[in-house]
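Peer 1: Spelled out from the first residue to the last, the chains are:
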Amino acid sequence: MLGTGTLRRFPFAVVALAAIPGTCLRGADPAPEQVEFFEKRVRPALVRSCYPCHSGAIASPMGGLRVDSREALAAGGQRGPAVVAGEPEASPLYRALTYAGELKMPPSGKLPDVEIADIGEWIRMGAPYPGAEGGAKAPAAPLEKARRSWPFRPVQDPPVPAVKNTGWVRTPVDAFVLAKLEAARLEPAPPADKRSLIRRATFDLTGLPPTPDEVDAFLRDSSPDAFGRVVDRLLASPQYGERWARHWLDLVRYAETNGHEFDNDKPAPWRYRDYVIRAFNADAPYDQFVREHIAGDLLPRKRLSEDGALEESPLGTVFFWFGEVLNSATDSVKSRADEVDNQIDVVGKAFQGLTIACARCHDHKFDPIPTADYYSLAGIFHSTALREDALDSPERAAATRELSRRIREVNARIEALEGAVPASRPAIRYRPEDAPFETFEGGFGAWRTAGAAFGEGPVNGEASSLGAGAEAFTGTLTSPKFRTTDKLFLHVRVSGTKADEKLKERGPLRFTIVADGYKGQHIVPDGTPGAYWKTLRLVLERNRDCYFEIVDHSREGYIAVDEIVFSDSAEPPENPAAPERGGAGAVSADSGELERLRLLRRQLEAQAPEPAYAMLASDDWPRNARIHVRGNHQQLGEEAPRGYLRVLNGGAAAVREGSGRLQLAERLASPDNPLTSRVMVNRIWKHHFARGIVRTPDNFGATGDAPTHPELLDYLASRFVESGWSVKAIHRLTMLSSAYRMSSESAAEALRADPENKLLHHMPVRRLEAEAIRDSLLSVAGALDAKMFGPSVPPHISKYQDGRGKPESGPLDGEGRRSIYIQARRNFLTPMFLAFDYPLPVSSIGSRGSSTVPSQALLMMNNEFVAEQAGRWGRRAISQAADPRERVRWMYETAFARPPEPTEIDEILGFAEARRSRPEEEIWADIAHALVNSVEFIYLR
Amino acid sequence: MPVHRARFTPERHSRREMLCRCANGFGGVALASLLAESAAAASRLPAPHHAAKARSVIFLFMDGGPSQMDTFDPKPRLTRDNGKPIPLKTPTTVFNISDKILASPYAFRQYGESGAWVSEIFPHMAGCVDELTIVRSMVSDHSEHTAANYFMHSGSGFQGRPSMGGWVVYGLGSECANLPGFIVMESGLVPPGGMDLFGSGFLPASYQGTLFRKGAQPIADLEPRESDAAAQREKLGLVRRLNKGVLERFGAVSEVEATIANYEMAFRMQSEVPALLDLSGETPATRKLYGLDEPDTEEFGRECLLARRLVERGVRFIELLPPFRKGCDRWDQHGSLAEGHRVNARAVDKPMAGLLTDLKARGLLDQTLVVWGGEFGRTPCAQFPDGKYTDKVGRDHNPFGFTMWLAGGGVKRGLTYGATDEFGYYATENKVHVHDLHATMLHLLGLDHKRLTFRFGGRDMRLTDVHGEVVHDILA
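Keeping their order, the protein sequence lines are chains A and B.
Using this note's numbering, the letters of the first sequence correspond one by one to residues 422 to 1362.
Using this note's numbering, the letters of the second sequence correspond one by one to residues 155 to 630.
Please note that the accuracy of each hint is not assured.
[Claimed, not checked] Straight-line alpha carbon distances no greater than 30 Å define the calculated DSBU-like cross-link-like pairs of lysine-lysine that follow:
id, chain 1, residue 1, chain 2, residue 2
1, B, K514, B, K480
2, A, K1227, B, K546
3, A, K1227, B, K480
[Stated by the list, open to error] Label pairs and their computed distance ranges (CB to CB):
id, chain 1, residue 1, chain 2, residue 2, range
4, B, R234, A, G866, 53 to 61 Å
5, A, R1339, B, K398, 47 to 55 Å
6, B, T544, A, P901, 38 to 46 Å
7, A, G1052, B, K243, 38 to 46 Å
8, A, K525, B, G269, 22 to 30 Å
9, B, P241, A, V754, 23 to 31 Å
10, B, A439, A, D921, 51 to 59 Å
11, B, P245, A, R462, 21 to 29 Å
12, B, P245, A, K902, 22 to 30 Å
13, A, R826, B, K243, 19 to 27 Å
14, A, L1233, B, P241, 57 to 65 Å
15, B, G342, A, E1229, 41 to 49 Å
16, A, L1330, B, R387, 18 to 26 Å
Derived from the structure by calculation, the hints contain no laboratory data.
Every residue, glycine too, gets a C-beta built ideally from N, C-alpha and C.
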């Protein structure tokens, strides 16, 4: 008894822990149940209560002690080793936890007894400590080893394999496919008939059914490259870009509203949608497209719109901002971290097929992505802010400035003739409780202008969107970022044209306080003459990083602000007599000259350009992020230098200046990046063959599927880069193959040997996507409006859709526009789309579901829109021919690209005959409705 | 090494997931679970992980966040110190306005053999306390409606995860032949977050909740467009005959076959739903029990009665949303607490008590898990809409300690579990996190929350993410 007590009294003074056999901390390979015990009962407590001060994530752990690994515990801190294996009572760590001695840990309060008991039990087991707690220290898998695993290996340009059946090989793609089939002693399916082939190709490239004329032209063309001509025609059609842009929008969680409680509109998100359509139609090189997404605003040479007026490249960066936006974040640091996490998730999956976001809380379990690399990337995005900026090209901006100069010149001459006297502006008398933020006495200072409206500086102490000389100019004035205090009230003295407050951040005339990126409260002018105070009560905007924006995106009206003051008082400072706007002086004698100048002014004003703004990225306060230990933003670890994932960074140096987006863009768009080209050619392949060569198109990592045809994947990736990253080149290479032209009939033998069709022995049958189904309905009904681009059509809202932020309903038929132009309201997505597996705009979705649910059948049977279009299709059929057989034939060719079988004609005419007492329009509407409900309408073979 | 690593198995997908994916084929499980004949479906349902205590769930979701100190968790200290500053470190809340203590405007009494405390605004529920486990120590992670709603429904504060109803149907299938397995009933209020609260997230679309509105046509596209049923049947007959030819053309593709079979089910649903809604077979006593003929309780009473009828039909997960009351924004009483909570309680009190009584009388309570609560609770401190202390005073959001109750299938009867501090601000004893609630609900249904997974984005996703412990203390 005595002996033990003595020993216990001096445990860490005399025991060099690792040196004495039997007391050393349990070495490698703890038993599984011990691992489980540790992970469930011990590690969480250590992480929560001890890591904040005692882990490798802290630059200098308290008392020199770290508890995040076996070695660290054994080494101990200033007080010596912390744990005596097998003896909790002798372990300083345990004693500190029990508050038994002088040292009491954690200092904030004793842990629950059950946790202390668990830690005691664990020490009694020998303190088995599985694995290294990586953090910044140890990448999950050594990078060199990782670089040898297939997705990270450089793309090879493999030789085209030799095959027996050389006659089947139309493009090298076929050799790769056939080599595998021959090795498995399987035959490819016979070629599809020409009608099936053109229907397949037309839906694939345009999302629409071929017209009977297009089918006829193909049938008549017996030349060997007849199908090549079809593919070229389709690739050149504007509908191609609309179809493939939609595939792309799935990858960037495209949404036009913020979701959350009120589902407010995002500003002009459709400009991005149009940008993507134009990029696909123009076959913009994919590497450039990628660069523009990451850093389009920073590129030294930007693509311009066709007429040269607007910059095209910056529009790529709009994709950063399609995420959900909280309407009143109580923890804005966490909200921002969540936003960045979503951006990392999308960038990782869309461009690289990597689930990088998995490394937010711990090193990626399967891919070579340590948490530190996640935060290197996070630093880049934390240094990037949303800015609603003008798209004007430098030429247009210069022309606008010149126009503004001329108008102001004319204004000055008019004022001189009118004898207008500039108003003097009485000073505001501020009170002790006021903290003036801006009085616009000097220039704009650190405020930043976009567009021309606010001119070159305040006029007479006022920042006004008339600064450029006319209401027709547009622009934004943005304050620098600053930290707000506890003051509860913000008083702003404004004037301007009456505007609609309900439009919130979409409002074209407004003053907005942006707190931690959230556009919280707005002030709009109410049209009263003169300047007047408006007051905001600050709730979530206190003690935050804020900025103001003063916006005039309207060609009519103006807004002006002359005083911005924070205050403890709910009452604004006393308003001295409002400055008068150019009081009338003596009337000039030369009224003819005045008339002439006014006319000139109107003519000049009419030349002011249409406003074009978009949600762009911009560099903002470039800084490194610190690791969030276990993903917790309140436990900051080491700083992670800005940069891309080490495994893919090509040895690039850490970012020193700017956000690092330019460098990231170069890494992603580099031909040396083994994933960028592979991931994109796989996506193209997926949309032609229903499944990718890698069947998990957004996950090329170890938890995804391995490629079924790795050499083919690399062959396509090589050709992609070689073609100058031409997406259309890959379409041609793929579609002109015999593989693409196979029929969907599968031989029983092949199905038995390869039920999942991994070797591609036939073309799979596919259901059309939601948008293709709706567009087909409009197309056969003759109701499809080919109009492209522009603001979206509001979605039709049925009485079955409800909730906050419910918008006004748009027309039932969406004005006949293609589905890509129906507004994607996050909280009010179109039910027809949702029923047919339209993805929620929350992450990258490279492969949509294809489910079978009763709501689909109910919709096709009973929905008003479907019935309306069927009615129109029926009327069209009546107008095509008098002979019912001819009508049926035309309907089949319109929808299915084939003539009906005689039995089908008989069925339909029998149905019509049974209803002969009814009006003809009704009968043919019913027939059309039945055909729409036939599976052939929504399936491709 | 978080726990989820251990769940990766050499096979890429769990059996359940395979079944679910293959379910797009004719006769597959997703269809079976959703709509197939019940007898045949039962044999094709996915197996639970262990013996279940409950077959169905009725979730009485109190949108807006009822106040714990004004319902089931009385705090005399608040009455004593009414108007004084609260001597606690208070967290940031949504409006973050005042630190002045606010006494409950209501009187509390103990009821039943269990002696549970209930506020005067729940006179009918007071008679049912011996059926309840009242958990006074709930904790959530979010103090804003939308995020907290997503969190309570899907275990994540963001849009895009499957709702728990979807998880349950994914895990167990539905025993109902002609109705969806996950049904949500509303009477004019969809909570912040919208329909995605009941979404299927990354699960197949078949696991979406179906929203039933009040009225004769509760769901979209249910009413045939044809003038009479015969006309529709003829048209579908033509479709079927045309499809036969198409099927030959396409070959025996299971997905296409399933689509054809789907029409039969949709057709049956057209008549099943009106039959469900037809309450003419219910006795006057039943109508009275649920308060069906009183203006205050008519809407929620109907939801509760329909919930019982859905349980009888084998529907797996039923969520009820409270009715709209003009002037009281859900349970979200930032102002006018005294009046607002009274009005909201009156709308649900009698129907809920009626539901428990009726389920019990029919022997259904034992196999039905009933769960009551909001997305969070409310602060003990006052919020003054007018800047002054008047009867318009209310309470802010509080996810740090709030009350929910459970009843029926597999939970203890007459238990009050956990506690908040003397002000009711923070849960202090036997904390039950939302993840723990989810784990416990799944457990009672025979599902292990750690094994109910779906592979998405390279991870085996769970309702409880990487968290959650079953609260064994409240299990019967």
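Peer 1: Next, verify each hint and record whether it holds.
Peer 2: Evaluation of the provided hints:
This hinted pair does not check out: K514/B and K480/B have alpha carbons roughly 33 Å apart, beyond 30 Å. Among the hinted pairs, K1227/A with K546/B is consistent with the structure: their alpha-carbon atoms are about 28 Å apart, no more than 30 Å. Restraint check for K1227/A and K480/B: the C-alpha separation of about 18 Å stays at or below 30 Å, so the hint holds. Our hint of 53 to 61 Å for R234/B and G866/A holds, since their Cβ atoms are close to 54 Å apart.
The given range of 47 to 55 Å is broken by R1339/A and K398/B, whose C-beta atoms sit roughly 25 Å from each other. At roughly 42 Å, the beta carbons of T544/B and P901/A sit within the given window of 38 to 46 Å. As the Cβ distance of G1052/A to K243/B is approximately 24 Å, the hint placing it in 38 to 46 Å is violated. Between K525/A and G269/B the Cβ separation comes to about 39 Å, which falls outside the hinted range of 22 to 30 Å.
Checking the proposed 23 to 31 Å range against P241/B and V754/A shows it holds: the Cβ atoms sit about 27 Å from each other. At about 55 Å, the CB distance of A439/B to D921/A agrees with the hint of 51 to 59 Å. Taking 21 to 29 Å as the suggested C-beta distance range, the pair P245/B and R462/A conforms, at roughly 27 Å. Our hint of 22 to 30 Å for P245/B and K902/A holds, since their Cβ atoms are close to 26 Å apart.
In this structure the hint that R826/A and K243/B lie 19 to 27 Å apart at CB is violated, the actual value being about 59 Å. A C-beta distance of roughly 60 Å is found between L1233/A and P241/B, which places it inside the suggested range of 57 to 65 Å. Between G342/B and E1229/A the Cβ separation comes to about 19 Å, which falls outside the hinted range of 41 to 49 Å. For the hinted restraint 18 to 26 Å between L1330/A and R387/B, the CB-CB distance of approximately 19 Å keeps it satisfied.
Taken one by one, the earlier hints fail for this structure at numbers 1, 5, 7, 8, 13 and 15, listed in ascending order.
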